[in-house]
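For the record, the sequence lines run as chains A, B and C. Counting along the first sequence from 1, when you hit position 234 you're at 234 in my numbering, and nothing is skipped either side. Counting along the second sequence from 1, when you hit position 157 you're at 157 in my numbering, and nothing is skipped either side. Counting along the third sequence from 1, when you hit position 107 you're at 107 in my numbering, and nothing is skipped either side.
Just so you know, the hints here were simulated from the structure itself, not pulled from any lab data. Glycine included, every Cβ here is placed at the ideal spot set by N, Cα and C. Careful, some of the hints might be misleading.
To be verified - Stretch by stretch, here's where chain B covers chain C in the computed footprint (C-beta under 8 Å, at least three residues): (1) 188 to 200; (2) 255 to 269.
Unchecked claim - Not the full set, but computed from the structure, chain A residues with beta-carbon under 8 Å of chain C: (3) A186; (4) R188; (5) H201.
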Amino acid sequence: MRSGERLAGGPLSLSLAARFGLGELPLPLLIGAGMVLFWSALALLADVIAPFDPNAADYDAALVPPNAAHWLGTDNFGRDVLSRVIHGTRADLQMGIIGVLCPFVLGTVLGSIAGYFGGAVDTVLMRVVDVTIAFPFLVLMIAIITVLEPGLTSFYVAVTLVGWVSYARLVRAQTLVLKSSDFVLAARSLGYGHLRIMFRHILPNALIPSVVFSMSDVVLVILAGSAISYLGLGVQPPTAEWGVMIAEGQNFMTTAWWITTFPGLAIVLLALGFSFLADGLGEKLGVRE
Amino acid sequence: MSAPVLRVEDLTVEFTAPGGPLRAVDEVSFELAEGEVLGLVGESGSGKTLTCRALIRLLPSRRARITRGVVRVGELDLMTLPESAMQRVRGERIGMIFQNPMTHLDPVMTIGEQIGESLRFHKGITRRDAAGRAVELLRQVGIPDPALRSRSYPHSLSGGMRQRAMIAIALAGEPRILIADEPTTALDVTVQAQILRLLLDLRDRAGLSIILITHDLGVVAETCETVAVMYAGRIVERAAKRALLRAPLHPYSQGLIRSQPGAGAPLAELPSIPGQPPSLADLPQGCRFHPRCAYVIPRCREIRPPLADAGAGRRSACLRWQELACPS
Amino acid sequence: MTALLEVRDLTVHYPLPFGIGEIMTRSPRRVVQAVNGVNLRLERGETLGLVGESGCGKSSLGRAILRLIEAKSGRVLFDGTDVLALDKAGLFAFRKRAQMVFQEPHASLNPRLTVAETLAEVLRVHRVCPRAAIEARVPELLEAVGLSADLGARRAAALSGGQCQRVAIARALAMGPELLISDESVSALDVSIQAQILNLFMRLKREMDLTMMFISHDLSVVRHVCHRVAVMYLGRIVEFGPTEQIFRDPKHPYTQALLRAIPRMDPDAEPPAAAAASEPPSPVALSAGCAFHPRCPQAMDVCRGPPAPALRRSDQAEVACHLYPV
Chain A
1 MRSGERLAGG PLSLSLAARF GLGELPLPLL IGAGMVLFWS ALALLADVIA PFDPNAADYD
61 AALVPPNAAH WLGTDNFGRD VLSRVIHGTR ADLQMGIIGV LCPFVLGTVL GSIAGYFGGA
121 VDTVLMRVVD VTIAFPFLVL MIAIITVLEP GLTSFYVAVT LVGWVSYARL VRAQTLVLKS
181 SDFVLAARSL GYGHLRIMFR HILPNALIPS VVFSMSDVVL VILAGSAISY LGLGVQPPTA
241 EWGVMIAEGQ NFMTTAWWIT TFPGLAIVLL ALGFSFLADG LGEKLGVRE
Chain B
1 MSAPVLRVED LTVEFTAPGG PLRAVDEVSF ELAEGEVLGL VGESGSGKTL TCRALIRLLP
61 SRRARITRGV VRVGELDLMT LPESAMQRVR GERIGMIFQN PMTHLDPVMT IGEQIGESLR
121 FHKGITRRDA AGRAVELLRQ VGIPDPALRS RSYPHSLSGG MRQRAMIAIA LAGEPRILIA
181 DEPTTALDVT VQAQILRLLL DLRDRAGLSI ILITHDLGVV AETCETVAVM YAGRIVERAA
241 KRALLRAPLH PYSQGLIRSQ PGAGAPLAEL PSIPGQPPSL ADLPQGCRFH PRCAYVIPRC
301 REIRPPLADA GAGRRSACLR WQELACPS
Chain C
1 MTALLEVRDL TVHYPLPFGI GEIMTRSPRR VVQAVNGVNL RLERGETLGL VGESGCGKSS
61 LGRAILRLIE AKSGRVLFDG TDVLALDKAG LFAFRKRAQM VFQEPHASLN PRLTVAETLA
121 EVLRVHRVCP RAAIEARVPE LLEAVGLSAD LGARRAAALS GGQCQRVAIA RALAMGPELL
181 ISDESVSALD VSIQAQILNL FMRLKREMDL TMMFISHDLS VVRHVCHRVA VMYLGRIVEF
241 GPTEQIFRDP KHPYTQALLR AIPRMDPDAE PPAAAAASEP PSPVALSAGC AFHPRCPQAM
301 DVCRGPPAPA LRRSDQAEVA CHLYPV
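Given the sequences, and given the hints that come with them, work out the whole structure.
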């Protein structure tokens, strides 16, 4: 491919090696991608990497500070903290990803319908959005989970019912803008039907800000998930999950600080990874938050 | 003959890029005499806007750097001045107006306030005096009911009036040189004529010297005295307007003139320049126009043609300019 | 023989959103009167130019003709059938026969699709050729508009303005329409590229036997490619006739002002004299009577009051001006 590519009748044609990827990747993108990959590897290979069974209790070695045998110490049941943190990655990563995917899909569908068809559909939907946004989202989620049974599934339902609004608004805004763009007008003049225009022409372009937003949303969902689990409403003990670990260790914060600190650190680092990814992706795709 | 008010020598602007620096403006030199209207002509990508922004050191991004050049205004060399001194130069010695007035006017300040801001900064007068002077300036640029307009916001003005307002702001500091970057391109034809007329009146009344950047040869024909044609960052021809339009001495100028509709017979095929302007990352060796040139010879690929003296004050960067002057 | 396109009394109004003050005083809704009772005829094989400055309604007229925007009233007869009354199936069939090329080269192409995908989509949706043949047909289309086949893998951002317009033209002509409307499609291009695209239009018109409508604010472009020209001002056609006639002997005062204002690339050109005074009013609060009379140097009393002057014959042209007898 010719190295000189032209930009919109503009004065400069800078060299870009390819449309995506190679060439200039912003540093945050690389750092973030690296961190996320690291955690993903941890989650996938948890069984292989973790030195101990996360649920194996060893009362003789309870509340042991970090040492050669247990790098991050043990908790009050004698379970190896390092192994629990590693296994906890699975739960938190899963919460983050599914907890973003479901609202993303629901919000995108509703937002694009509202934006494209406008009129009464749009008005009704926007009022629903307004009502949902009025509640602090954690409060709303706790309310929903309490009504359903506490557990991971309820968490997903709650986060979907609460989180779809951000995506709906983003996609709707983009749809409105794209609806009056020249290439959509061209598509109409070519006789293309509504479905084709919506799915082939509008949506792929409308999704970009949502994708960038979803990266930072993962951070919020992971934090929410940990908080919910900390409150005992999400992941149930004895499953290893960082929020649960913090809850279980809070009584020992002064005596055995390692039980709460390391899972806390893990949450921060995972969130940071996604945050960098979001920044880098945003910079790369030209979206400013 | 008085000394030129502006002298640009070997101005060069480069952009940093992963594959090496890209030269967007390449050793551009020209002079502006007092009271002259110089047309800087070129298509998009020719570097004409960048040249003028580099003149006043208002480069668009941090990646752009002026790597060579001397810009003399009076006794000053603008390239050596500190930024604080440049702020005085901009507006007091050289003013600039742009293509799209709506984006270059502050939407939350009234016109009067914007003119006043320039007046207070450059002339140091009080706010009350500035308000009065602003109205006077608006009258001079031909805005009807200037007192009322002075209190209006940009969005309530039409395109032509916004452009006049921008001219008023640019002239508030009483610069002797005005750079007009495609001031009429975004305007309707009837309004365009009015704005060009205004610029010429201001030149006559206030002794302005004007650099008019444009891609429209018709505008050049009606308003400019001298013309410099730019292509891919270089000046390829410089001449008095009449001489250039009657007998261009560079194949690009020639192609440009001939491809204007209205030049030839209606419904016939328009002579056009084949191909497209080169990308900065992929500049041709030797003469940058040679891949598209009908007069190309092997030497054109090897050496970079200098902007040679073509007699009678003209200059051409074509090795074969003499043949263009007298086609056999 | 019926004209290919006949526009009768077409009116397009855009309602403006209500302001609080208007709701309180129950004022009637303000509208932008973009097109007001326009009549046009386009014969097969001709190129009609539609000129005017911004706000005159020429783009709205072009889009209303293709039914891309709603018209308030009037009829658009394409080959005898009223486009504005077509049902869904009829509209789909009509779209195959009448197409448009837009002004902004990059904006009219979907940034996510490659050139080949864009063209293949047209062929597929309109079943221009059997599916198996689509892949071979795309390079042919590209070559027909002067692009090399390997540009098919690129996306719009990797193309120049001229190349984008060529793709847009290829897309519009892929299903073999009879009518092609160019809505300022060369205005955003550099002069040397503009010349190439104009040549392309003229060549394709000959080869494909097209009928064209050329909307532009650039009179010299229109003069070069059009057989007949219609001049629009604030939603009405004020003058209409053969190109050379209009340019050599403009009758309507607005046309005269317009022509005087065009910068001419004449080596001995003089700076412009003051052209038409002030600027066009907004097409929201149009005066009754002739739309141009507030700026007209030859305005008479009759010009002020309703009705607006109708088009009447004068020599070979039609003019909407009271200066000329009906």
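How the hints compare with the structure:
For the segment 188 to 200 of chain C, the stated coverage by chain B is satisfied: 9 residues place a CB nearer than 8 Å to a CB of that chain, which reaches the threshold of 3. Check result for the segment 255 to 269 of chain C against chain B: holds, 12 residues qualifying (beta carbon to beta carbon below 8 Å, three or more required). The beta carbon of A186/A is positioned within 8 Å of a beta carbon in chain C (closest approach about 5 Å), and the interface hint is therefore held. Because the beta carbon of R188/A sits about 6 Å from the nearest beta carbon in chain C, less than 8 Å, this interface hint is met.
Given the 8 Å rule on beta carbons, the hint for H201/A holds: about 5 Å separates it from the nearest Cβ of chain C.
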